Amino acid sequence: MSKLKIKTVEDFQKEGKSAEILFWVGCAGSFDDRAKRITKAFVKILNSANISFGVLGKDESCTGDPAKRAGNEFLFQMQAMSNIEVLNSYEIKTIVTTCPHCFNTIKNEYPELGGVYEVYHHTQFINKLLEEGRFSIDGGTFRGKKITYHDPCFLGRANKVYNAPRNLIKKIDAELSELKRCKSKALCCGAGGAQMFKESEKGEKEINIERANEIKDNPAKIVATGCPFCNTMLTDGTKSFEDNDTVEVFDVAELIVKAKDL
Amino acid sequence: MQLIPNIIFSTILLISIGFFVRNLKRLRRNINLGRGQTEPINNKPQRWRNMIRIALGQSKMVRRPIAGVLHIVVYLGFIIINIELIEIIIDGVFGTHRIFSSMGVFYGFLIGSFEIFAVLVLISVLIFWFRRNLIRLKRFYELKMIGWPKLDADLILYFEIVLMSLFLLMNATDVGFQNMNNGNVISGMIYPYFTEFSIESLHVFERTFWWLHIIGILIFLNYLYYSKHLHIILAFPNTFYGSIENKGKLNNMNSVTNEVNIMLGKSNESEISEDVNFGASDVKDLSWLQLLNAYSCTECGRCTNSCPANITGKKLSPRKIMMDIRDRIEEVGKIIDLNGSFVDDNKKLIGDYISEEELWACTSCNACVEECPISINPLSVIMDMRRYLIMENSSAPGELNNMMSNIENNGAPWPYNQQDRLNWNE
Ligand code: SF4
Ligand code: SF4
Chain H
25 MSKLKIKTVE
35 DFQKEGKSAE
45 ILFWVGCAGS
55 FDDRAKRITK
65 AFVKILNSAN
75 ISFGVLGKDE
85 SCTGDPAKRA
95 GNEFLFQMQA
105 MSNIEVLNSY
115 EIKTIVTTCP
125 HCFNTIKNEY
135 PELGGVYEVY
145 HHTQFINKLL
155 EEGRFSIDGG
165 TFRGKKITYH
175 DPCFLGRANK
185 VYNAPRNLIK
195 KIDAELSELK
205 RCKSKALCCG
215 AGGAQMFKES
225 EKGEKEINIE
235 RANEIKDNPA
245 KIVATGCPFC
255 NTMLTDGTKS
265 FEDNDTVEVF
275 DVAELIVKAK
285 DL
Chain U
7 MQLIPNIIFS
17 TILLISIGFF
27 VRNLKRLRRN
37 INLGRGQTEP
47 INNKPQRWRN
57 MIRIALGQSK
67 MVRRPIAGVL
77 HIVVYLGFII
87 INIELIEIII
97 DGVFGTHRIF
107 SSMGVFYGFL
117 IGSFEIFAVL
127 VLISVLIFWF
137 RRNLIRLKRF
147 YELKMIGWPK
157 LDADLILYFE
167 IVLMSLFLLM
177 NATDVGFQNM
187 NNGNVISGMI
197 YPYFTEFSIE
207 SLHVFERTFW
217 WLHIIGILIF
227 LNYLYYSKHL
237 HIILAFPNTF
247 YGSIENKGKL
257 NNMNSVTNEV
267 NIMLGKSNES
277 EISEDVNFGA
287 SDVKDLSWLQ
297 LLNAYSCTEC
307 GRCTNSCPAN
317 ITGKKLSPRK
327 IMMDIRDRIE
337 EVGKIIDLNG
347 SFVDDNKKLI
357 GDYISEEELW
367 ACTSCNACVE
377 ECPISINPLS
387 VIMDMRRYLI
397 MENSSAPGEL
407 NNMMSNIENN
417 GAPWPYNQQD
427 RLNWNE
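Top line first, the protein sequences correspond to chains H and U. For my numbering, add 24 to where a residue sits in the first sequence, where the first one is 1. For my numbering, add 6 to where a residue sits in the second sequence, where the first one is 1.
If we strip away everything but chain H, and leave its shape as in the complex, we get (with noise of 0.2 Å):
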């Protein structure tokens, strides 16, 4: 795949310009494969609209959540605070990232440590635009076609974003057929609270197999999620059908990419 246009917020800086966001793309969206994917889609759509964004590159670092979370508040309050310190280097006001742990964590916790911004999750930045009249979506390949939507915690709940999602798999005029839990009652996928990085404890299944089986029962054959950590375990549940029951599990990023055919 040919590469994609991005700087990073130094080469901004070395040109005496700033850009309009800064794209954290987070650790699974950096180094994942699965999640390097949703990365290439969003920067698609950032460059077909034309918006002037920058990555942080190597300056980036984890921004500690899957540390806090798993109770090293001292590991967390590390990271937050130089990552807060190169943040505010360069300068940086709005933040978009395709990760809602880093959404969460950037939004929710770095302002009391003196990391104050605009932080948008890419599903509502992209609404922004659309809003905005700066990038349009009118139906492609998925018109009419089924999709459900898998509600990221960190996402939903956490911060109470039900609604931008949805609206861009209305937008590809896909037929949106919800999960029997979903928006606040939406199942987790398992991963958060730094499960993603141990194996769980003893019990009578896995989360992501409880969930897979929720979206199998689910006419949609494709499964819509906004977090890369929520991809992985709903991709490794969908696998384990054994009926070669395929659902094919997307970021809402890609189904606009792919949509569009970008």
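Since the hints were made in silico from the structure, they are not lab data. Keep in mind that a hint or two might mislead.
Unchecked claim - Below, computed lysine to aspartate or glutamate pairings styled on EDC-like, alpha-carbon distance capped at 16 Å:
hint, chain 1, residue 1, chain 2, residue 2
1, H, 222, U, 362
2, H, 170, H, 223
3, U, 50, U, 251
4, U, 321, H, 136
5, H, 64, U, 432
6, U, 255, H, 136
7, H, 222, U, 426
8, H, 184, U, 358
9, H, 27, U, 432
10, H, 31, U, 432
11, H, 245, H, 272
12, H, 226, U, 358
13, H, 31, H, 44
14, H, 31, U, 426
15, H, 41, H, 115
16, U, 290, U, 358
17, H, 82, U, 426
18, H, 229, H, 260
19, H, 226, U, 363
20, H, 82, U, 432
21, H, 60, U, 432
22, H, 68, H, 272
23, U, 272, H, 109
24, H, 64, H, 278
25, H, 222, U, 405
26, U, 321, H, 228
27, H, 60, U, 426
28, U, 353, U, 333
Said to hold, decoys possible - With beta-carbon atoms standing in for the labels, derived distance ranges:
hint, chain 1, residue 1, chain 2, residue 2, range
29, H, 37, U, 414, 25 to 31 Å
30, U, 340, H, 245, 57 to 63 Å
31, H, 245, U, 270, 49 to 55 Å
32, H, 263, U, 171, 57 to 63 Å
33, U, 129, H, 263, 34 to 40 Å
Note that the coordinates shown come from a computational prediction; the quantities given were computed from them, not determined experimentally. Note that beta-carbon positions come from the ideal geometry of N, C-alpha and C, so glycine has one too.
Assemble the complex: chain H is given as a structure, and chain U with the ligands must be docked to it using the hints.
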């Protein structure tokens, strides 16, 4: 001689109130064993609105329509019928009889609505009993719910049944009241079953029901402290003080901020306070709000019922966590009652009540917080106990230690080099 019933009544009333106040003081003392709360109690208007909406307006209850509507009936009935208590107490203290009956039609309207509510409450309580004991809803059963919690839940229902029946019977056997034919909408239908008794025996019946009713209420009042029914009082402060921030925000520990500032050379040693222990291993390390949460818990199980870990068969149950805290704080309270101050009993919340396995199963998904009808936050407790396990006890699962050392060394939870952060665009 005339005055004897009044004196007996006043004495019983005073003793009950005395006991009740004593328990409230004990409650306040126990809750105050907790630490300070990090979220400032700002934005009072918002907090009042929350209390009115969630506690008074029962807004969260209808997330489960059947239980929600039934609960609202019992709750409204409880509040409305208790207006009658004013008359009963005045009558009892001054030896009057139905002092407000002179209000005429309005009195009939009041008593009439009380009687209708009494019947509705009876029906709802019976349905509750069926759900709990015959349909055996899963949510009411787990290990922690065996024994006292189960008995407590049933006792409350029996109390309600007895009190409502006594109220109706007391009205039905009150010949004067029946002859007024004003407000006896339900009791008027029971009255005919008593007509074969003489006026004198009816009077004895009426007095007996009247006394049993008020004594029952006073017993119930003093039962609250020992019961999950305490929520009828504590739901109010609990929803007032409950967090008004985004649920995703987990508090930043100030004690840690101080230490980190020292490490980064932004502050000097002298500013840090001695003997801070990080996180919570016992009830006294929790905040007063978390302890208030525990005393308020209705043991309804909405949290556990929506907990992904619990649904998939893990040991974790947010309801159990809250109940464990209450059990432990009561235990600590008793030690203080006995000795005047706390003496170490070699027990802790972690280990003796809550296992590490439970704590590590949480995904911090906030489902429990979202579902709780009275704004309890089990997740905050779980996080504070994890903080203890990691920062004081260094007892994290091995994989989490790997994750954390990756973050420390290369700024990501996986072992990738920070220099390679842009490689996704290769
Ligand atoms: S936050 Fe933790 S305890 Fe609460 S429902 Fe989710 S997994 Fe269960
Ligand atoms: S914490 Fe809330 S939801 Fe859970 S049992 Fe107690 S009252 Fe019910």
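Taking the hints in turn, this is what the structure says about them:
no.	hint	result
1	H/222 x U/362	holds, 14 Å
2	H/170 x H/223	violated, 33 Å
3	U/50 x U/251	holds, 13 Å
4	U/321 x H/136	violated, 35 Å
5	H/64 x U/432	holds, 11 Å
6	U/255 x H/136	holds, 11 Å
7	H/222 x U/426	violated, 24 Å
8	H/184 x U/358	violated, 37 Å
9	H/27 x U/432	holds, 6 Å
10	H/31 x U/432	holds, 14 Å
11	H/245 x H/272	holds, 6 Å
12	H/226 x U/358	violated, 20 Å
13	H/31 x H/44	holds, 12 Å
14	H/31 x U/426	holds, 15 Å
15	H/41 x H/115	holds, 12 Å
16	U/290 x U/358	holds, 15 Å
17	H/82 x U/426	holds, 7 Å
18	H/229 x H/260	holds, 14 Å
19	H/226 x U/363	holds, 9 Å
20	H/82 x U/432	holds, 15 Å
21	H/60 x U/432	holds, 10 Å
22	H/68 x H/272	violated, 21 Å
23	U/272 x H/109	holds, 12 Å
24	H/64 x H/278	holds, 9 Å
25	H/222 x U/405	holds, 5 Å
26	U/321 x H/228	holds, 10 Å
27	H/60 x U/426	holds, 13 Å
28	U/353 x U/333	holds, 12 Å
29	H/37 x U/414: 25 to 31 Å	holds, 28 Å
30	U/340 x H/245: 57 to 63 Å	holds, 60 Å
31	H/245 x U/270: 49 to 55 Å	holds, 51 Å
32	H/263 x U/171: 57 to 63 Å	holds, 59 Å
33	U/129 x H/263: 34 to 40 Å	violated, 50 Å
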